[in-house]
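Assemble the complex: chain Y is given as a structure, and chain A must be docked to it using the hints.
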Amino acid sequence: MAGERMLECRGLRRCFGDLVAVDGVGFHIDPGETYGLLGPNGAGKTTTISMIAGLLERDGGEIVVAGEPMTTHTIRAKSALGYVPQDLAIYPDLSARENLVFFARLYGMSTAEAKRRSNEVLEVTGLTDRAHDQTKTYSGGMKRRLNIGIGLLNRPKLLILDEPTVGVDPQSRNAILESIEGLSSEGMAVLYTTHYMEEAERLCDRVGVIDHGKLIAEGTRQELVNLVGERDHVHLSATGDLTKAAAALAVQPWAHEASATEEGIDLVVDDARENLPAILSDAASAGATIKSVEVTEPDLEAVFLHLTGRALRD
Amino acid sequence: MRAAVLICMKDLKARIRDRSALLIGIVVPLGLAFIFNSIFSGISGNSKAIAIGVVNADRGAVAQQFVGQVLGAVGRSGLIAVHPEATVAGARALAAKGTLNAVIVIPAGFSARVQANQPASMQVIGNVDSPISSEIARSIAEGYTSDLNRVRLSVATVVHGGGSSSSLPPGEIRALAARAVAAAAPVAVLDVSAKSKELDQKSFFAAGMAVFFLFFTVQFGVTSLLEERNNGTLARLLAAPIARASILGGKLLTSFLLGVISMVVLVVATSLLFGATWGNPAGVAVLIVAAILAAMGIMSLIATFAKNAEQASNWQSVVAVVLGLLGGTFFQVSQAPGILSELTFVAPQAWFLRGLGDLRGGGISVVWVPALAMLGFAAVTGGLAVTRLRHMAEV
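Line by line, the protein sequences give chains Y and A. Counting along the first sequence from 1, when you hit position 298 you're at 298 in my numbering, and nothing is skipped either side. Counting along the second sequence from 1, when you hit position 196 you're at 1196 in my numbering, and nothing is skipped either side.
Treat each hint with caution, since some may be false.
Pairs of lysine to aspartate or glutamate, DMTMM-like flavour, derived with a Cα cap of 20 Å [said to hold, decoys possible]:
#	chain 1	residue 1	chain 2	residue 2
1	Y	K115	Y	E98
2	A	K1307	Y	D87
3	Y	K143	A	E1227
4	A	K1013	Y	D93
5	Y	K157	Y	D266
6	Y	K291	Y	E301
7	Y	K214	Y	E57
8	A	K1013	Y	E8
9	Y	K157	Y	E68
10	Y	K157	Y	E8
11	Y	K136	A	E1142
12	Y	K136	A	D1018
13	A	K1013	Y	E98
A short list of chain Y residues far from chain A (calculated; beta carbon distances all over 10 Å) [claimed, not checked]:
#	residue
14	G108
15	G182
16	E201
17	I216
18	H233
19	K291
If you're looking for bench data, these hints aren't it; they were derived computationally from the structure. Even glycine gets a Cβ: it sits at the ideal position worked out from N, Cα and C.
So that you can see chain Y by itself, here it is in the shape it has in the complex:
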């Protein structure tokens, strides 16, 4: 249906005894959009997506996937989903091909179709050469790629990835992120959970910040930054009359703070990228000789810190 959201969830709630793991979480994902659920360990990310994937009963709220209501027993909604769990979920005594064919058949494909699709996924994940080897002989990176590949078997409308890069070496991690970027460009909706700010910033069109079971903020990266009023930090390594230069910069309309240090000048400004030429010009005019410039834009880590008073990885 035109304009149909790929995922709509409202008021999700889940308790484990007295612990309220998820409390009123609600968001949506449009077709082709990558949505990040960003939060520290224990924030409720996995519990939230477990409910969305139909693994876990919910104590409250609604979930609709590709227009179909989702529960632990529905089948139609699950047909539209691809799920990549955080833990490696592959059978070690089966080969990559056997793993793929098995899951493909669970998704309703015939044997021939399952084999054909498995070959495609093996190609995409770069595992064709080792397709017949038992996965217990694979490296960690190869297992991760297969883990993601299984999630792609049924060409899902919505792919859910739960922290897919945890424990992965940087090279494999980069490869995984590149492949996810590719999926998004093909029009697949992606729900991506992570506690790595840089992954969320790189991959996600919109980000939901979750902490202690609640969705505390949501939006694009820029919207979140603006929401909390974070500004850019500029450090000028310079020599000369730094005090005079700092004073000259401080009176500019885009400057909020300016201070001279032993090594240069520290500034807090609006939109450093746009105002950088003026910063350099004014500093030079005031007698400073600029050696280098360092611009630090506010990131999601800063947003999280501002919203919760804690770092993402506390």
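Leaving out everything else, chain A in the frame of chain Y:
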């Protein structure tokens, strides 16, 4: 159903590949059946009739009655083969050589002493390597002499019952004793009907080992649910567009098929390789299916209390060994004295072996009681297990 079959086929492939099911289900029970059969075939000797020598040094009426009626009747049953021997020395030599398992010696004057209402005894010479055979010979002789003593006491009561010390002439006493002995005629016919209801040694060990290891074989299916939960693949199965019951169904189907394959292979292999006789195929099939279901129920229930596959496996093994021993899979507990012979039927294995034994002496209808008993185990434990398994099949 389709998803359950897919899951079952995947599990069977994994099990066959890691060879554990092959070892536990077929190789080890076959090997142990062979070993036990080899060890015990020389001791019990029940593959052929017991050779008992008789030295009748008396030849009187009472001795003839013992040899002709008592030993003759037992001999006709096929349990013993009576070998008349001329001398005690010759018979003793044959017993020492092992040609005879035991010798009964009726001393000269035996009949006269009995007829004179005096104590009389026989001698039993045993072969130390055939303790059971010697015991059987002794039992026969003892049985007869006990009856003779009973008769002697009865006659003594009649003779002296009026209070006078010797109210009958000796001739009349002899006649009375002879008539009493003849009337009593303790023809020691053993209850040979038991033999036709007991499994022969080869069949016993074949069946015992098969049903003992069955409880280990069927563990694989349900315990793998714990493995899947611990290694993360259960989450994938739950996220797939299949009914949750299919996951459980697939695991139970795996257990059942592993049990069937294991038992069928063992029945065929032990029949061909060891000469074990299992009985009417239809009856055996009924008993096997009932035993598999009982084993699945018990093992599944135990697994539902475990936190992980290793813990489940440990607990299941303990229960399988205890039930196996109690159920008489290694030695026949049903003939043990005291409460043990009753307790044995707490184990489904005992019902399985009893069913096979009953099948030897009767038609297929005799298997229904043991089968129903095993199905009762299956229903109770399986019902509880299914209720708890539903919670196991959750992340």
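Proposed proximity, E98(Y) with K1013(A) (alpha carbon, max 20 Å)
holds, 10 Å
Against the 20 Å threshold, does the CA-CA distance of K157(Y) and E68(Y) hold or violate the hint?
holds, 12 Å
Could you grab the alpha-carbon distance between K136(Y) and E1142(A) and see if it respects the 20 Å cut-off?
violated, 70 Å
Could you grab the alpha-carbon distance between K1013(A) and E8(Y) and see if it respects the 20 Å cut-off?
Not satisfied, since the Cα-Cα distance of roughly 40 Å exceeds 20 Å.
Proposed proximity, D93(Y) with K1013(A) (alpha carbon, max 20 Å):
This hinted pair holds, its Cα atoms lying about 9 Å apart.
Check whether the Cα positions of K291(Y) and E301(Y) lie no farther apart than 20 Å.
violated, 29 Å
Is the Cβ of E201(Y) farther than 10 Å from every Cβ of chain A?
holds, 28 Å
In terms of Cβ atoms, is chain A entirely out of 10 Å range of K291(Y)?
holds, 53 Å
Is the nearest CB of chain A more than 10 Å from the CB of H233(Y)?
holds, 42 Å
Regarding the pair K1307(A) and D87(Y), is the alpha-carbon distance no greater than 20 Å?
holds, 18 Å
Does the structure keep K157(Y) and D266(Y) at a Cα separation of 20 Å or less?
violated, 47 Å
Beyond 10 Å from each Cβ of chain A, as asserted for G182(Y)
holds, 22 Å
Violated hints for the displayed structure, listed by number in ascending order: 5, 6, 8, 11, 14.
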